[in-house]
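Enquirer: Each chain is listed here by its residues.
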Amino acid sequence: MNTIFLILDILIDIIMVVLPLFLIVAYTTYSERKIIGFMQSRLGPTRVGPFGILQPIADVIKLLTKEVIIPSNASKGLFLTAPIIMLVPSLLVWSVIPLSEYFVIANINAGLLFILALTSLSVYGVILAGWASNSKYAFLGSMRSAAQIIAYEIAMGFALVGVLMAAGSLNLQEIILSQRGGIFNWYWLPLFPLFVIYLIAGVAETNRAPFDVSEGESEIVAGFHVEYSGVAFAMFFLAEYMNLILISILVSIMFFGGWLSPFEGTFFESYSQWIPGFVWLSIKTLSFIFIFLWLRATLPRYRYDQIMRLGWKIFLPITIIWIFLEGIMIYYKVEPWFVI
Amino acid sequence: MNVEIIIFYIFSLLLLSSSIAVVTVNNPVKSAISLVFSFFCSAILWLLLNAEFLSIILILVYVGAVMVLFLFVVMMLDINISQAKEGFVKYFSIGIFVFATIAGLLSYFFYNQFDNSSKNIITSIDLIGTDNTKNLGYLLYTEYLLAFEIAAIILLLGIISAITLTLRKSATNKYQNPSQQVNVSKSERLRIIKDEDREK
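Chains as they are written, first to last, in our numbering: chain S, 1 to 340; chain B, 1 to 200.
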């Protein structure tokens, strides 16, 4: 009986996270079109509902009712599982993300490792989609993407090693709690190079502009998902935007104190006490999502060899050097971050 | 029945069937994918043994990185299955011999393990808590520091030798020099020509 209640409790938690997440994904696509539109002196979607506010819902209905076309000579089973493999890890990661001081579905000890392991799985979706489609463009796109994701995953992992060293824990709640004490106690300041690298590697991991060579419309049509349509395409789309939100929320947790208030230890602290932690986390996450959209609107696509050079020859050495420097800082217990 | 036991049986079954699929499936890409799946299943079995660090690292390193490269190579190769299967009868006896040796050694090892299961190695070293990840890190950097560093140096040697083996320079190779590319000035690439006919 107790087991049943436990499972029900977990199910309710999952629904509480996943349903709003889908809504946020839908409105991230809307805000992306609107923001990029305004940045390029256009209006963006305006037709469905006031200010085009119902556009994402119309898009969802369109994608769900379209036919899923399976190319001839495609490996049918893999072709249809690839989008699922892409989507499942990016949903699963949300189980360990602390959304406020009280709410996290699974507060596990090795949370940071869990996130790293799951985000490394999404590359299978890309590779299998490219291979199973039996299309040259899709295959080229998946090859590019696989090499890119592996290159940037290493820099990303090292950036997280820096966070782990500073916090002394792999548990995400403890990482947030160790950043207590106002905006200058957050890790973005002592780990600034790692923060920048994590952010850029995050853009590369999610295959978004300016690192979107796996899609590269001008060269290989749409890259690995060129053969997909209908629901299968919608799943790739969903996974991409979910990963975008995930990277934003992870940057806010690792380097910007998660749900901690920025006014801690200042004059405003007593006035802002009533604001729940979830609001602060949302504000931080939304600003990073905005930065991602901003990047897409302003930067041209990287050349492929430059992407590789940036990942292996620039990011990797910088992270290793900074981890070494951080070790020295921890040894000398530099205030106020490394007092243990 | 206990939930853990149900999960154990489900994933052991999946592990066995996917491992068999690795050697029986005709398509090399599908066989590599079965290998990925069997790694995943064994990671879950480790998780059931409270070895969460090892299980997550298995997914992170083997599934997330090594097998991706493996799949990468297998997809690029054009392997002829019928040709590879030709020597099946010829090598069958050798295969049986290898199989019997490994199975015998493994069963001998496991038999001895279960025989003196009261001796648990881990408990003889003082640990700093129940957190598997922390304990492992603690042990690696205190008790087994030397072995750990030796393993690291062996890996480093492997990396260096692999790179030296693949790094062949020949006259036909083309390289880009990024610093030269960055230092290009406008006058090197752009020449303004005056259209004199029109100016008349």
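Misleading hints may appear alongside valid ones.
To be verified - Computed cross-link-like contacts, SDA-like style, restricted to lysine to any residue with a CA-CA straight-line distance of at most 20 angstroms:
#, chain 1, residue 1, chain 2, residue 2
1, S, Lys313, B, Gln181
2, B, Lys134, B, Leu47
3, S, Lys136, B, Leu47
4, B, Lys174, B, Val184
5, S, Lys136, S, Val17
6, B, Lys134, S, Glu174
7, S, Lys313, B, Leu47
8, B, Lys134, S, Gly157
9, B, Lys134, S, Lys76
10, B, Lys134, B, Ile153
11, B, Lys134, S, Phe51
12, S, Lys136, S, Thr266
13, S, Lys76, B, Gln181
In short, the hints are calculated from the structure, not lab data.
Enquirer: Hint by hint, note whether the structure agrees.
Expert: Hint by hint, here is what the structure shows:
With a CA separation close to 16 angstroms, the supplied pair S:Lys313 and B:Gln181 stays within the 20 angstroms bound. Distance check on the hinted pair: B:Lys134 and B:Leu47 sit about 16 angstroms apart at the alpha-carbon level, within 20 angstroms; holds. Taking the CA atoms of S:Lys136 and B:Leu47, the gap is about 39 angstroms. The hint is violated against a cut of 20 angstroms. Straight-line distance between C-alpha atoms of B:Lys174 and B:Val184 comes to about 19 angstroms, which keeps the hinted pair within the 20 angstroms bound.
Under the criterion of a C-alpha separation no larger than 20 angstroms, the hint pairing S:Lys136 with S:Val17 is inconsistent with the structure, at around 38 angstroms. With a C-alpha separation of about 14 angstroms, the suggested pair B:Lys134 and S:Glu174 falls inside the 20 angstroms cut-off, and the hint holds. In summary, the hint linking S:Lys313 to B:Leu47 is not supported, as the alpha carbons are separated by about 36 angstroms, beyond the 20 angstroms threshold. The straight-line distance between the Cα atoms of B:Lys134 and S:Gly157 is roughly 18 angstroms, inside the 20 angstroms bound, and the hint therefore holds.
The hinted pair formed by B:Lys134 and S:Lys76 fails the criterion: a straight-line CA distance of about 44 angstroms is larger than 20 angstroms. Restraint check for B:Lys134 and B:Ile153: not satisfied, since their Cα atoms lie roughly 23 angstroms apart, outside the 20 angstroms limit. Our distance criterion of 20 angstroms between C-alpha atoms is broken by B:Lys134 and S:Phe51, whose separation comes to about 53 angstroms. A threshold of 20 angstroms between alpha carbons decides the hint, and for S:Lys136 with S:Thr266 the separation of about 58 angstroms lies outside it, so the pair is violated.
Only pairs whose Cα atoms come within 20 angstroms are accepted, and S:Lys76 paired with B:Gln181 is rejected, the gap being roughly 45 angstroms.
Violated hints for the displayed structure, listed by number in ascending order: 3, 5, 7, 9, 10, 11, 12, 13.
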